[in-house]
Amino acid sequence: MNPGSSLLATLIPLPVLLPLLGAGATLVLSRRPTLQRALSVAVLAVVVVIAALLLVAAVQSGPIVVTVGSWPVPLGITLVVDPLSALMLLTSMTVTLAVLVYAIGQGVYDRDEATPITIFHPTYLVLAAGVANAFLSGDLFNLYVGFEVLLMASYVLLTLGGSRSRVRAGVTYVVVNVVSSLVFLVGIALVYAAAGTLNLAQISIRMESVPPGTALAIHLVLLTAFGIKAAVFPLSAWLPDSYPTAAAPVTAVFAGLLTKVGVYSIIRTETLIFPGSEVTHTILLVAAGFTMLVGALGAIAQADIKRVLSFTLVSHIGYMIFGIALATPLGVAGAVFYVVHHITVQATLFCVVGLIEGVGGSTSVSRLGGLMRASPVLAVLWFVPAINLGGIPPLSGFVGKLGLVQAGVVDGSALAWVLVVVSVLTSLLTLYAVTKVWVLAFWRPADQIPVPDAADDGADPSQEESPLDPDEEDDRAPAASTAASTGGLPGAPAPRAGVLTGVRPGTARTIAQKDGNTGAEVDWPVARMAPADGTPVLTGRLLGSPGDRVSRRLPKVMAGATGALVALGLSLTVLAGPLYTVADQAADDLVARTPYIQAVFAQTVDDRVAR
Amino acid sequence: MTSPIVLLALIGVLYTVGVYLILERSLTRVLLGILVLGNATNVLVVVAGGRAGAPPLVGGAPEAEMSDALVQALVLTAIVITLGVTAFLLALIHRTWTLEREDHLTEDVEDRSVRRRLEIGEQEDEEELDTTGCENTSDTDEDDEDDEDTDEESALEPAGEAR
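Protein sequences appear in the order of chains A and B. The first sequence begins at 1 in UniProt numbering and counts up one residue at a time. The second sequence begins at 1 in UniProt numbering and counts up one residue at a time.
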């Protein structure tokens, strides 16, 4: 072993170790918020650099292996960095870092003292450690431990604050994930009973001598466990119920990472442990098709943007499963590229939703409007990743989908063709879902937001009189109708409605302060806008929030972090060529299997030589 | 490898009971179900390690007669993890009890509102997207209900926080 590679080998445990140590340190520093924030950002930044180094090394010189505690290979825990895990690690840690910065930005703006931000940083770092451990693990049980670490952290993050909706969602989430972990554990027990080892490389060798029926049974148990975690239809119903209730950065990092750890595990299962299993490939292809369609149709039915995105998240998991199920180097390469693209774009979109919630006071498209005029920057931040998700050329979403469709066409079987059609259809449906959000929340003038609020102060007669809202009709002249519309909003809360009629938007601040109402269901009020020049504002929602800050600007740190994520998504387009080369190499390694297995067992030889 | 039939039967019974309990709506029973399922899985892992033998202490017995120590280590890890999850779930259930005064899993508010929209048979999307002015009365009605739901939730929220 030359000194260079041994140095690299010492780097491998660091992405797990550093966040864990950082978690402890941030917990100690919980009374020094500034230091705590700086420390967690520094830790994750270092991990990103390490991940980049590992990726370069893994691409240039093949898989790197380290045996923890220098136990000989089948006995100890091995950590393996091959191009796939390095790529996943780099992408996920970059996104984690960006979302952390976003979360800090939100924390600064956070008016809600109930959110225990001191807990946030340690837990977040534990989550990062768990994700890194899962990606680096070369051992089935260590993978399970990685899963448990990240899940434990995710339970806490999801229920942060312990509000009613989060506890409700948290119960579902915890129970589903505990059950999936138990199924995983059953799989581990069966693997151990059949193969007598838990080392992935050794399992893959010994599985060849296990009777095919037994192997298939074990395979299906593992796939079920990972399928729940990756949210593959029909095991996906938990996701859209639990993700949307969490705080924006939490949802962003969950959406980016957690399901992808499941997808990563499926890739490993399919390529390394059980290659060439026709039955499961068929099952996975069918599941992929249904995941895409059901997810996309679900996204269309939703009104809440967070839920729309949760459903598109499920839907696009289908693309990755499609690539994996083809089991050709082309298909797996497409899946790997798509994972990278999707981690980035989905996290970005959830971050943008956080900003939308701050600006518009809601995440429901039926309550939003005029965001385009209210904040053009926000509009750009939403538009770019949204059409990226929809797969508009030349963005990375298009490249990923193109790669998968190509792989499907090359495969040429009837089922693959069906999947090609379904994936194009899903792309269109996704585009429809995000465009719907765009049209309603951004393009629709603010004065056309339907404000029906029958719950407020009895049915005021105006509501019955003008169900046919005049404003809905003359969208051509929004500026002219602003004043009228404010008055005409049928369900504007009665105490405020009187004040609001004909009021100039510029005076929003004083009114809101006087009114002192706290009616917003937002977690954390951010900037409110009240343009002084009389442009239409988000009438209903704007004044409905506790207005202590009137600003047209987005919070800088949050917008900056989101902007960085959008730029990262765009850079995937620019760098699609080299990235696809890496994905190709990762896929070739995966399908060939030998580089991984040889690297793990070469480690034993090296150790023996060293002794 | 011989399989101890009693343990296998026990695993079967535990899984049956666990699955039954976990499908209940009452959260306490779900928790009990998870505990039972966890124990069933732990026994399964132990069984996967082969027949029982001498304690796996170096020098205590010939190596061929020892039990497999690995599965015991795995089970120990699994037990600790289950313990942590159980504690967390108990905390969640307690929180649910404090907030809602009930032990049942409530329905998702958004799910309900989406379902209601479908029941009303409105094609809300088309109408909202349709800016040509083909309005109708039921559009606002339906949004009323939609908002009612969210308002219920938001009205209750501060109360929950206050406790």
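Hints should not be assumed to be uniformly reliable.
Stated by the list, open to error - To list a few chain A residues with every Cβ distance to chain B over 10 angstroms, as calculated:
{"hint": "1", "residue": "25"}
{"hint": "2", "residue": "71"}
{"hint": "3", "residue": "118"}
{"hint": "4", "residue": "155"}
{"hint": "5", "residue": "174"}
{"hint": "6", "residue": "186"}
{"hint": "7", "residue": "190"}
{"hint": "8", "residue": "384"}
{"hint": "9", "residue": "578"}
{"hint": "10", "residue": "594"}
Claimed, not checked - Here are the computed distance ranges between Cβ atoms for each label pair:
{"hint": "11", "chain 1": "A", "residue 1": "432", "chain 2": "B", "residue 2": "4", "range": "34 to 40 angstroms"}
{"hint": "12", "chain 1": "A", "residue 1": "300", "chain 2": "B", "residue 2": "19", "range": "29 to 35 angstroms"}
{"hint": "13", "chain 1": "A", "residue 1": "376", "chain 2": "B", "residue 2": "119", "range": "44 to 50 angstroms"}
{"hint": "14", "chain 1": "A", "residue 1": "393", "chain 2": "B", "residue 2": "119", "range": "23 to 29 angstroms"}
{"hint": "15", "chain 1": "B", "residue 1": "80", "chain 2": "A", "residue 2": "393", "range": "36 to 42 angstroms"}
{"hint": "16", "chain 1": "B", "residue 1": "6", "chain 2": "A", "residue 2": "41", "range": "23 to 29 angstroms"}
{"hint": "17", "chain 1": "B", "residue 1": "19", "chain 2": "A", "residue 2": "278", "range": "27 to 33 angstroms"}
{"hint": "18", "chain 1": "A", "residue 1": "413", "chain 2": "B", "residue 2": "19", "range": "52 to 58 angstroms"}
{"hint": "19", "chain 1": "A", "residue 1": "301", "chain 2": "B", "residue 2": "87", "range": "48 to 54 angstroms"}
{"hint": "20", "chain 1": "B", "residue 1": "19", "chain 2": "A", "residue 2": "208", "range": "44 to 50 angstroms"}
{"hint": "21", "chain 1": "B", "residue 1": "55", "chain 2": "A", "residue 2": "412", "range": "19 to 25 angstroms"}
It should be emphasised that the hints constitute simulated quantities derived from the structure, not laboratory data. Glycine included, C-beta positions come from ideal geometry on N, C-alpha and C.
For each hint, the structure was consulted:
Here residue 25(A) stays apart from chain B, with its beta-carbon at least about 21 angstroms from theirs, past the 10 angstroms limit. A cut-off of 10 angstroms between C-beta atoms confirms that residue 71(A) is not in contact with chain B; the least separation is 12 angstroms. At roughly 18 angstroms, the least C-beta separation between residue 118(A) and chain B is larger than 10 angstroms, which holds for a residue marked as non-interface. Against the 10 angstroms criterion, residue 155(A) falls within the reach of chain B, whose nearest CB is about 6 angstroms from its own CB.
Distance check for residue 174(A) against chain B: the nearest CB is about 6 angstroms away, which does not clear 10 angstroms, and the non-interface claim fails. Not every C-beta of chain B lies more than 10 angstroms from that of residue 186(A), the closest at about 6 angstroms, which undercuts listing it as non-interface. Distance check for residue 190(A) against chain B: the nearest CB is about 7 angstroms away, which does not clear 10 angstroms, and the non-interface claim fails. The claim that residue 384(A) is not at the interface with chain B holds, since no C-beta of that chain comes within 10 angstroms of its own (minimum 22 angstroms).
Look at residue 578(A): its CB is around 40 angstroms from the nearest CB on chain B, clear of 10 angstroms, so calling it non-interface holds up. Its beta-carbon lying about 27 angstroms from the closest one in chain B, residue 594(A) satisfies the requirement of being farther than 10 angstroms from that chain. Range check, residue 432(A) to residue 4(B): Cβ separation about 57 angstroms, and the 34 to 40 angstroms hint is violated. In this structure the hint that residue 300(A) and residue 19(B) lie 29 to 35 angstroms apart at CB holds, the actual value being about 34 angstroms.
The hinted range of 44 to 50 angstroms is not satisfied by residue 376(A) and residue 119(B), whose Cβ atoms lie roughly 39 angstroms apart. At about 40 angstroms, the CB distance of residue 393(A) to residue 119(B) disagrees with the hint of 23 to 29 angstroms. In this structure, residue 80(B) and residue 393(A) break the distance hint of 36 to 42 angstroms, their C-beta atoms being roughly 50 angstroms apart. Roughly 55 angstroms separates the CB atoms of residue 6(B) and residue 41(A), a value that falls outside the hinted 23 to 29 angstroms.
The given range of 27 to 33 angstroms is respected by residue 19(B) and residue 278(A), whose C-beta atoms sit roughly 30 angstroms from each other. Take residue 413(A) and residue 19(B): their Cβ atoms lie about 36 angstroms apart, and the range 52 to 58 angstroms is violated. For the pair residue 301(A) and residue 87(B), the beta carbons lie near 37 angstroms from each other, so the given range of 48 to 54 angstroms is not met. Separated by about 33 angstroms at the C-beta atoms, residue 19(B) and residue 208(A) break the suggested range of 44 to 50 angstroms.
For residue 55(B) and residue 412(A), the hinted distance range of 19 to 25 angstroms is not satisfied, since their beta carbons lie about 58 angstroms from each other.
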